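There are 2 protein chains.
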Amino acid sequence: MEISLDCLPCFLRQVLEASRMATDRDDLQREIMEEAIKLISDYQKFRCSPEIGRAIHNIVKNYTGISDPYREIKIKSIKSAEEVYPFLKHFLYRKQDKLYWALKIAATGNILDLAIYSNVNIKKCIEEELEKGFAICDIKRFKEQLKNARSLLIIGDNAGETVFDRVLVEELFYLDITYAVRSEPIINDATVEDAYISGLGRYTKVISTGCNAPGLILEECNEEFLNIFTNVDIIISKGQGNYESLSDQKREIFFLLKVKCLVIARKIGVDVNDYIFKWNGLI
Amino acid sequence: MEISLDCLPCFLRQVLEASRMATDRDDLQREIMEEAIKLISDYQKFRCSPEIGRAIHNIVKNYTGISDPYREIKIKSIKSAEEVYPFLKHFLYRKQDKLYWALKIAATGNILDLAIYSNVNIKKCIEEELEKGFAICDIKRFKEQLKNARSLLIIGDNAGETVFDRVLVEELFYLDITYAVRSEPIINDATVEDAYISGLGRYTKVISTGCNAPGLILEECNEEFLNIFTNVDIIISKGQGNYESLSDQKREIFFLLKVKCLVIARKIGVDVNDYIFKWNGLI
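These protein sequence lines are chains A and B, in that order.
Numbered per this note's numbering, the first sequence spans residues 5 to 287.
Numbered per this note's numbering, the second sequence spans residues 5 to 287.
Read the hints as simulated data drawn from the structure, not as lab findings.
Errors might be hidden in some of the hints.
Just so you know, same-sequence chains aren't split out, so a pair can sit in one copy or run between any two.
Claimed, not checked - The calculated lysine to any residue pairs, modelled on SDA-like cross-linking and capped at a C-alpha distance of 25 Å, are:
| no. | residue 1 | residue 2 |
| --- | --- | --- |
| 1 | Lys128 | Asn277 |
| 2 | Lys80 | Phe146 |
| 3 | Lys136 | Ser45 |
| 4 | Lys264 | Glu21 |
| 5 | Lys264 | Asn277 |
| 6 | Lys93 | Val124 |
| 7 | Lys271 | Arg34 |
| 8 | Lys271 | Asp31 |
These numbers come from a predicted model, not from an experiment.
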């Protein structure tokens, strides 16, 4: 999807946050910010928001020499998610429509980073968020497609959320599942290593997409991923970043996400904070 | 106070909001945004945040030819405040410490713009906010100074909030009160016209500071204002913008505001959303 003007202030906010995670030096933070301002003044040269996101976060990496400023946050997210995992399983155990709630659990994993940043009680926060239903839910279509499906591709999003995805994967154990993640650390997005630490290796084939942007840019993906993307029976794309880069694709995709900003909310026609499980095909 | 890096994304967000109020033309909004990005890349040339704020909002004025993009919002704010005014008076009537709550009412007026933007139930929102006390309250010092004071200068902030200030002014009717406002429309800040429409002319001498920034830059103020600023017995400065430009002043000032962002919260040592009535003098 097109880059919205609303994304520009948001990128500056993000780069400041990342620079503070990577260094305590004020002078470096200032230089990073000045470089980021230069970069966003050229925003029209980029194809989509995740592409700017990558460039912006590369500035932080280059100026500080730290290749993974979010490493600690990611480890903390996975650890917190593992602590909540038994509760997630018990929550699901009590539900009738297990597939609906397994999808909802996977979507809810997307709030983990916000919860960790803001230092709230994570379990309580997750409990509250879990009970909220989807604002859009194309589960009927999903269930129909599952009848004839043998393979599933999940395009992952954040580290930590990966543990929540395991709950969904365990519900769909009978499928041949591929879990695809970023090729390199970018923001708090999951890499192959993070997916393995999250226990996804036991239930899925974990692969790198070949793309290191915080959203899936197909033109940059490797052959292995593109093969699966083209031939797999069902695709679930997780999170806003992947939605931004894939929403105009003709390939049928189910988008599973929590809407975190007004740009995406307007595009989908829902409210910020809504949960979405949306099929992009035509009925 | 120094310009924080956190202010830069916030300026971009503000200018986008203002450009959308002033024009529906996408191309103009893009040009304004590009010009604003250029401007914030030079942020170190500015003395304080209100100075950047003015420059940023001047871009909107120049590109759209609209000198007061917030005119409608301001009129709506004053109208909403007038509707709430009887409730404010009744609220105060029930309170023991009238001065404390009159100050609190004046501080609470600062949320009016947020309430109007977000389309919440304004009266309900005001009711809830009014009951919250101050996180810092130097009222003891204020009451002491009132014993020998004959004159008061209030440096105003937003239109609409002006009506709430009238409640405070009515409690301090026995003083010779000057109410000073921006020399020209800037964001939703009150001008002389707004102050008169808000009924302040009946109780105070309304003057222009001579400064058209969204915060008081003393070097730009007119002689009339500076004379009062120097010689008046007590000064109350309202809102974040005035705090940003005046917080390093040696002149004794009582700052009355709601803390709306993390930069100000950190500087004062309180939380975002806290209400403050803070004296800057030494004990």
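To see whether the hints hold, each was checked on the structure:
In this homomeric assembly, Lys128 and Asn277 come within 25 Å of each other (Cα to Cα) both inside a single copy, at 17 Å, and across copies, at 23 Å. Within a single copy, Lys80 and Phe146 get their C-alpha atoms no closer than 33 Å, and across copies no closer than 48 Å, so neither meets the 25 Å cut-off. Taking the shortest alpha-carbon separations for Lys136 and Ser45, neither the intra-copy value of 39 Å nor the inter-copy value of 42 Å comes in at or below 25 Å. For a Cα distance limit of 25 Å, the shortest separation of Lys264 from Glu21 qualifies both inside one copy, at 17 Å, and across copies, at 19 Å.
For the homomeric pair Lys264 and Asn277, the shortest alpha-carbon distances inside one copy (6 Å) and between copies (22 Å) are both at most 25 Å. Taking the shortest alpha-carbon separations for Lys93 and Val124, only the intra-copy value of 22 Å comes in at or below 25 Å, while the best inter-copy value is 38 Å. For the homomeric pair Lys271 and Arg34, the shortest alpha-carbon distance between copies (19 Å) is at most 25 Å, but the shortest distance inside one copy (34 Å) is not. For a Cα distance limit of 25 Å, the shortest separation of Lys271 from Asp31 across copies, 20 Å, qualifies, whereas the shortest one inside one copy, 38 Å, does not.
Hint compliance for this structure: hints 2, 3 are not met, and every other hint is.
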